[in-house]
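A.B. asks: Based on the provided sequences and hints, a complete structural model is requested.
Read top to bottom, the protein sequences are chains A and B.
Take the first sequence: its position 340, counted from the start at 1, is 340 in the numbering used here, and no numbers get skipped.
Take the second sequence: its position 45, counted from the start at 1, is 45 in the numbering used here, and no numbers get skipped.
The set of hints was computed from the structure by calculation and includes no laboratory data.
Wrong hints could be hidden among the right ones.
[As the list claims (entries may be wrong)] Think about it this way: if two alpha-carbon atoms lie no more than 30 Å apart in a straight line, the pair counts; the simulated DSBU-like pairs of lysine-lysine are: (1) A:Lys143 / A:Lys247; (2) B:Lys40 / A:Lys88; (3) B:Lys106 / A:Lys335; (4) A:Lys394 / B:Lys74; (5) A:Lys331 / A:Lys451; (6) A:Lys336 / B:Lys106; (7) B:Lys128 / B:Lys14; (8) A:Lys33 / B:Lys40; (9) A:Lys458 / A:Lys194; (10) B:Lys74 / A:Lys88; (11) B:Lys36 / A:Lys50; (12) A:Lys331 / B:Lys113; (13) B:Lys17 / A:Lys394; (14) B:Lys73 / A:Lys458; (15) B:Lys73 / A:Lys394; (16) B:Lys74 / A:Lys458; (17) B:Lys14 / A:Lys50; (18) A:Lys439 / B:Lys73; (19) B:Lys113 / A:Lys394; (20) A:Lys88 / B:Lys73; (21) B:Lys17 / A:Lys50; (22) A:Lys240 / A:Lys194; (23) B:Lys113 / A:Lys335.
[Claimed, not checked] Computed, partial: chain B to chain A, Cβ under 7 Å: (24) Lys17; (25) Phe19; (26) Phe66; (27) Lys73; (28) Arg78; (29) Phe79; (30) Ser90; (31) Tyr92; (32) Val99; (33) Thr105; (34) Leu109; (35) Asp110; (36) Ile119.
Everything numeric in this text was worked out from a predicted model, so none of it was measured.
From the three backbone atoms N, C-alpha and C, an ideal C-beta is built for every residue, glycine too.
Here's the letter readout for the chains.
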Amino acid sequence: MSAIVIGSGITGSNVALSLLEKGESVELWDFGKKENLNTINSANFIDFKKNLEHSVENLIGARNNQFPNPYNQKLFQIPPLRNFILDKQQVNNEISNLNNFDIYQSFNKGGLANGWGANCIPYNETDVHDWGIDYKKFSLSQKKIFKELNVSNINDNINISFNIVNYGEESSIILDNRDDYFLKKFTQNYEFFKDQKFEIGKSRLAIKNSNTEDSCKLTSRCLWGCPQNAIYNPIHSTLKKCKSFDKFKYFDNRKVSHFKVKDSKIDKIVFFEDSTLKIKKNNSKIFLCAGAVQSGIIFNKTCTNNNINLNRFTTGLMDTKKVKIVYLLPKMIGKKISYKSIQFNRLVGAMNEIYENRNEYIHLEFLHLNSLFYQPLINNLPLPLRLSKDIFYKFYSSLGVCTYFLPDTLNDYNKIRVNKRNEIEINYNENKEKLLLDKKIEKRIKKYLLKMSAIPIKTIRYDSGAAIHYAGTIPMGINDKFPVNTIGQVKFINNLIVADASIIPRLSSKPVSVNAASLGRYIVYKNT
Amino acid sequence: MNKVFTITATEYSKYVKYFSLMDNSQLLEIANFKVKNYLKDNSISNIDLFLESCNCYYYDIFYLDFFSKFFFKKSFVRFKFNLIVALHESDYENFNNMVNNSTITKILLDILKFVFIFITSPLWLIYKLLKSKIK
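C.D. replies: Here it is, written out as structure tokens:
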């Protein structure tokens, strides 16, 4: 059998590798820009800033859209240097209406995985119990993917209390004195937190920490790019492995538009190659792994172009809404900042909360504010700018951010669809129950922060879509209402297999990427 | 670009003093480029024109900072203040200077200054309005 994998992000590249390991011939199609990162080997973020030839252009961006009007400015947007992973122009050309959905769509090689900083918290049996998948086989895929991504080996109370399996094998990240202080406060009040079923532990990041040449040594400029490739990036690891197989072909300039279906099979692939529209006859199995939004668009276009009525199927769009609570650790005021501390969270939290009649896991990340671009935060302080700036810089060594993510479910309104003018439209609205859940979690976290001697200052709610944990655009399930069966097979197109987060039918608060890649590997196992 | 909205060297030096930054002529150039881009996408209101005309002396910046924070949040002058801070933050020398030069004494003095600004702000506004009428 030969297979064509669409998309070479974290899921696509791992699906391709899994197929190759099974002895299949694989073509991997992607439409990606090359990483244009300036990889100056500076010791930390501050030096990185010093060494940049055009620091303003790199940090703020050449155009004003990277320095929007302070009136509507968002806090902690993706640092502009990383904006090369996003292509708003492409989004605008492709999607006519983004109703209430702040989309982050990548056309970079390696997808959004190329700029990620997510934790790797594996879905457990409870998370997937109603998906209809074989959990034992799925957990084998998880183990393999966690190894591929170099996830930290962490054994702590989060694993015990929330039934999380430790699949990681990499050394864990090193905490700084601020994290140690935070953990000390947590341990001192452990009886209280145990009663509340709230745990804090080390982050489970996909970063090489072991003492090798390519392990993490800089740890303060991660979001601006890792010159040692210590942070997981498919281009530098999985894709490289794929290229070592003779049966592998990589087309890095093909963007799929849709498929032409004949006798319930994909007969032709309509795609753009270097911006030229082309059609290719197809005899292969196709694994769609372009990410939930892009796969959703390809799927919807395919159905529209082949007069397939999708109304009888459940489709959707989910994202784990993210909320940040900025807090102050008074004990850390005036303490020297360690620029060796990574920008990513070094501590994660876990708790349970009821959402839509289910006891849901809530994932939290604690990030100390020590290397980001601060003007948006300064602008948000309720004081004149001069005073805001001075107060901020006096206190900033003691500032931290707690980010929490909300689970999501499918509903009739939230979805990608092709409208009557044949344009792609995205609709998304937060439901009332999710808003209530948000408030409940906020209240609890503020209480916990105070217990750990941290003072909550401000809650920042992001627009829907900003968490970049998209899923559920082509959901799978046991019954007839789902367009995809429990092994990723599209029910009405025999040689189309969806193997990314698009098929997830219910979205946990846990970061999706590593779980989507695990699911992709599982789907390969079930289809070969 | 409308010359009214160009940040002149004199105006820039006032901002540098006001925000305790380090002078960098390259950043002034970039600031003006960004102002130009801003004006392409945003219309200028009468309030913007009025606030610009108020920016004569160094002390006026205190009032403009205060008013633009609490009343004229969408104003061009607020964009300009934020732009100056943002640009200097991305400059290595300036960033270090910001981190190292914020002191409690300076903050306390500033609080007192802004209390005074708050109390006298109606008078300043009336004075500026009258001045603009006479002109």
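A.B. asks: Hey, Lys88 (chain A) versus Lys73 (chain B), does the alpha-carbon distance stay inside 30 Å?
C.D. replies: Since the Cα atoms of Lys88 (chain A) and Lys73 (chain B) sit roughly 27 Å apart, the hinted pair holds (cutoff 30 Å).
A.B. asks: Should the hint that Arg78 (chain B) touches chain A count as held when the rule is a Cβ pair under 7 Å?
C.D. replies: 6 Å, holds
A.B. asks: Check whether the Cα positions of Lys74 (chain B) and Lys458 (chain A) lie no farther apart than 30 Å.
C.D. replies: At roughly 22 Å apart (the allowed maximum being 30 Å), Lys458 (chain A) and Lys74 (chain B) satisfy the hint.
A.B. asks: Check whether the Cα positions of Lys14 (chain B) and Lys50 (chain A) lie no farther apart than 30 Å.
C.D. replies: With Cα atoms ~25 Å apart, Lys14 (chain B) and Lys50 (chain A) stay inside 30 Å; holds.
A.B. asks: Decide if the proposed pair is consistent with the structure: Lys394 (chain A) and Lys74 (chain B), CA atoms, cutoff 30 Å inclusive.
C.D. replies: Roughly 27 Å between the alpha carbons, so the hint for Lys394 (chain A) and Lys74 (chain B) holds.
A.B. asks: Against chain A, is Asp110 (chain B) within 7 Å by beta-carbon distance?
C.D. replies: 5 Å, holds
A.B. asks: Given the hint that Lys113 (chain B) pairs with Lys394 (chain A), does the C-alpha gap stay at or below 30 Å?
C.D. replies: 18 Å, holds
A.B. asks: Any CB of chain A closer than 7 Å to the CB of Ser90 (chain B)?
C.D. replies: 4 Å, holds
A.B. asks: Have a go at the Thr105 (chain B) hint: is there a Cβ in chain A nearer than 7 Å to its own Cβ?
C.D. replies: Since chain A brings no Cβ nearer than about 10 Å to Thr105 (chain B), farther than 7 Å, the hint is violated.
A.B. asks: Are Lys36 (chain B) and Lys50 (chain A) close enough, with their CA atoms no more than 30 Å apart?
C.D. replies: It holds: about 27 Å lies between the C-alpha atoms, which stays within 30 Å.
A.B. asks: Does Lys394 (chain A) lie within 30 Å of Lys73 (chain B) when you go C-alpha to C-alpha?
C.D. replies: 25 Å, holds
A.B. asks: For the pair we were handed, Lys113 (chain B) and Lys335 (chain A), check the Cα-Cα distance against 30 Å.
C.D. replies: Since the Cα atoms of Lys113 (chain B) and Lys335 (chain A) sit roughly 28 Å apart, the hinted pair holds (cutoff 30 Å).
Hint check: violations occur at hints 22, 24, 33, 34, 36; the rest are consistent with the structure.
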